[in-house]
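Starting from two chains that each stand alone, build the complex the way the hints lay out.
Chains A and Y, in that order, are what the protein sequence lines are. Going by the working numbering, the first residue of the first sequence is number 609, and it counts up by one from there. Going by the working numbering, the first residue of the second sequence is number 142, and it counts up by one from there.
Because the hints were derived from the structure by calculation, they are not lab data. Where is the CB? At the ideal position from N, CA and C, for every residue including glycine. Incorrect hints may appear among the rest.
[As the list claims (entries may be wrong)] Derived pair list, reagent style DSS-like, types lysine-lysine, alpha-carbon separation capped at 25 Å:
1) K376/Y x K800/A
2) K723/A x K199/Y
3) K736/A x K199/Y
4) K723/A x K736/A
[To be verified] If you want the ones that stay clear, here's a sample from chain A, every Cβ over 12 Å from chain Y, calculated:
5) V628
6) R632
7) G635
8) R639
9) F640
10) A672
11) L722
12) D724
13) A725
14) L729
15) R730
16) P811
17) L812
18) D813
19) V824
[As the list claims (entries may be wrong)] If you anchor each label on the Cβ, the simulated ranges turn out as follows:
20) L617/A x I355/Y: 43 to 49 Å
21) R234/Y x V805/A: 54 to 60 Å
22) Y856/A x G231/Y: 53 to 59 Å
23) L732/A x R370/Y: 51 to 57 Å
24) I355/Y x E893/A: 28 to 34 Å
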Amino acid sequence: MIALEDFYLLVGLLFAAVAVMTLREAGHPRRFGTALFWGLYAVAYLCGERLPPALAGVLMIAMALVAGCGLVKPGRPRLAPEEQRRAAAARLGNWLLLPALAIPVVTMFGATVLKDAAIGLRPLLDQKHLTLVSMGCGALVALALACLVTRATPLQGVREARRLVDAMGWAVVLPHMLAVLGLLFSEAGVGKAVAQVVTTAIPLDSQFIACAAFCVAMALLTVVMGNGFAAFPVIAGGIGIPVLVGAYGANPALMAAIGMFSAYCGTLMTPMAANFNVVPAALLELSDRNAVIKAQLPTALPLLLANIFLLYFLMHQ
Amino acid sequence: MTNAVNLWPLLGIAVVVAGFLLRANPVLVVIAACGVTGAAAAMPPVHILESLGTAFIKTRNLPLILLLPLAAIGLLERFGLKEYAQSAIGRVRSATTGRLLTVYLFARELAAAFGLTSLGGHPNMVRPLVAPMAEAAAETAARQAGVELDDALRQRIRAMSAATDNVGLFFGEDVFVAFGAIVLMQTILRAEGIEVDPLHIALWGIPTAVTAFIIHAWNLRRLDARIRRELARAKDVR
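Just chain Y, with the same shape it has in the complex (with noise of 0.2 Å):
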């Protein structure tokens, strides 16, 4: 018997490839990929609803970092922490949103190397900050233009606000050693029988460390060059 495994349970990614190609609401194709992976496991109904409602408890910690700042964020919000944050990036004169954000990705990915992981993220950095100050910069270099800044390259902004924090921390992570990654995987490969001392695997992530902060930089100067273009045709429309 060479084919013992059993392939139905590749249904449930056919089942979730749909759903995001359909444009289906993830919460329900989620579901019905959970539906579809037990049948095809041959799981019975109850086991599959014991088996999500185990899950659902026990995964439960993942969305604190996401809630727990929020009430604390939403309260500096409402008293001006957005419009204070890019008063002060307006100060700056040779501040540009993509300038801004390399700055940010350097910070973010060697705090991350060093295990300073909680130094960033969503809800308590980019919302409230980041993306308030790359926003700003361009909207100070609307005004001197002249000009209005659009909503779709406002978006995109922010959009690359939220990217450079996801490209820093998952690029320097891995660099660091006591990382749970680099723990997985010298198990992993222990139980393969063979044995990696973990700073050499923290070593030999630098190479793509510093190649993904090169090419991320080069899209931020692109994303500057972009709003220079812009600028310039709002400019020449008006």
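Chain A on its own, in the form it takes in the complex (with noise of 0.2 Å):
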């Protein structure tokens, strides 16, 4: 069976060709800092379970620290030059698409044709993460691709991915980070504490202002958390269900349609959600991090006010 655990080894792995590449290269700017920074995730992806938890906590705050005192640096840049590239372009031409188009084709084919295949009475793909898994043979099938259509080596498809993991530098982690803090805002009923704020705070007595009110909420709690799926069950509960529902006579269906929807605008403006918002800005290498939630912001602020209004006007049928 090919398991979620085994794309954990090959990522570990990545990690630690990250780290060693670094250590051997003279001249980088932080070189110890950053082969440490990159060894100790690999060190959390080939341990994973078998790290005690204690020492995974230990783990992830030391690789905190070196990131947050400036010692995760890119080593020299080796992009081949314009040109070479120019020339291989028009050398290969279609074929360059082949492989890119492999990932999202062989994704989907995983996670609907292979998905009952079996060899014996074991599945092919592990089953509870089909999706995941079936992209991660879909990278390494794009990978094989790219090999054969440029004749380079795996090797060198290790080095352009440490190119890539070296611009984005910590923004690499924070997301995985960023998850960690949603996880212990749980634990720790950070969530049941904004609802009594909220439903104490707010004066719910007008339909028109509840339903902005649920539709705020949930989006600035998702601002707050970075995770629609955080901020739902909280607002819903808190506002959704018992007023807009119970009070009002809403569509439930329609209430939960449109108060996920108010929690997406959320998305769209926020660090938080550091894997749609500061990992793509550090990926195109823009110099603002928050360049792509300022891009987003003139479509989740009016599109924010059409839910109010949609909710509103609709809230009966």
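Here it is in structure tokens:
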């Protein structure tokens, strides 16, 4: 069976390779700090559940401190020169698209056609993480095709992966650490505290104000938590179900759909949703790390307003 | 007792907000917020460490979507995938940045609505293909006007490419019945004794999904107008 665990090992080996390559680069501006950072991340992936929980916590804090002290820096950029890339593009033409398209195609194929495929009695793909595992297979197929098309070695692929990881720096681990914070928030009861404050602070005696408070609270809590899935149960339980459905008789399916979309408007506006907003800014090498959020505000804010009105006018349908 | 809920953990939120406002390193802000939240909930330090460690290991599936395609995409970049995408879009005469991104928005949102969320994404579509094409379309216009594309505008176009991917994904996937969010909504409503058909939740998402497309497409038109304006101004200056 191809399991998620296999891809954890693969990613762990990739980070270990990044750490070793960093260590071997003479003249790297922050050789040891950077190698330590990626080395620690490699340990988290390679050892996984075998690490005692407290030690894994120490590891995470150590990574954050190394990154926070500015000790993680990219090595020398080694992208091939532009004329060389243009020449390769002219020579390889449409063949370059083939590996790039292999990722979504194999992912879809794995998640649909191979869903129930089995070797003997064992399923071929990890059933609990079907999409991720299919995508991992897609990435490997793409790498193999890319090597075939360009006649480069897989090792060159690892070097190029290091170039991209280097360009993103600590932004790579930010979504991961934010997810940890989200879990800690729910363990500490932050959601309950927010619901308590919202329901006592806002007068919900007009139907329109109740609709507006519901949508805005959903977006705001998502801005804070970085995740609509964390905000939805809190605000739906605090305002949506007791007030909108209970007191004003709103259609629960509509309340749920518009509530979740209001939360998504929040996702578009927050650096806490790092994998959608901060990582792409790093990936596209933008100088302002909030540039993607700024580009999304003119869509998110009018859409939130539209949600309030859609909820208000459609709620008794 | 009406105030049985412990409000102290809200301090964690305060740390996050303050940290982002002060533009501190986000990774440090997150760790500080973890410490403050744990302490405010009266967890002993070892318990906080264990909670963090368990969560850190459990959520390490999250970065995989970003990390797995990097080797293949990086290799293709070395052999000119971006340059290929740019020359391909340069041959389409009517292509403007805004129109190109509107087509991508439509395709991304529609595919996500049919559950095909993997047809897109920042590492495997936006960085190697969508952003370079959007940039190249503006570059072609700049070349025709005989001016250079300035860096701020270039960065804005790239940011808008990432934004378009996000908007298409978010407001498309919730219209798909088998999506996790819909299952979550149904579960929460059921816990409160309300039965809803997942199909109804998906259907009631459509008005917002359409509105999202209209608003974002409008913003993409405004981006085109801004590109035209700035190119005209650069031409006048010259």
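Is it correct that the beta-carbon of V824/A has no partner in chain Y closer than or equal to 12 Å? 15 Å, holds
Verify this label for me: L722/A is non-interface relative to chain Y, using a Cβ-Cβ cutoff of 12 Å. Given a closest Cβ separation of 14 Å, the condition holds.
Should the label of A672/A as a non-interface residue stand, given a Cβ cut-off of 12 Å to chain Y? 4 Å, violated
So D813/A supposedly isn't at the interface. Is its beta-carbon more than 12 Å from every beta-carbon in chain Y? 19 Å, holds
Against the 25 Å threshold, does the CA-CA distance of K723/A and K199/Y hold or violate the hint? Between K723/A and K199/Y the Cα gap is close to 24 Å, so the pair holds against 25 Å.
For the pair supplied as a hint, K736/A and K199/Y, is the alpha-carbon distance within the 25 Å limit? Given pair K736/A, K199/Y holds - Cα atoms ~14 Å apart, limit 25 Å.
Non-interface claim for G635/A versus chain Y (Cβ beyond 12 Å): It holds; G635/A is separated from chain Y by about 22 Å at its closest Cβ, greater than 12 Å.
Cβ separation check - R639/A to all of chain Y, threshold 12 Å: 20 Å, holds
Beyond 12 Å from every Cβ of chain Y: is that where the Cβ of P811/A lies? Holds, since 17 Å exceeds 12 Å.
Mind checking the alpha carbons of K723/A and K736/A for me, to see if they're no more than 25 Å apart? 11 Å, holds
Run the distance test for K376/Y versus K800/A: straight-line Cα separation, threshold 25 Å. 58 Å, violated
Distance restraint evaluation - R234/Y, V805/A, Cβ atoms, bounds 54 to 60 Å: Between R234/Y and V805/A, where Cβ atoms are some 56 Å apart, the hint holds.
The structure is inconsistent with the numbered hints 1, 10, although it conforms to all the rest.
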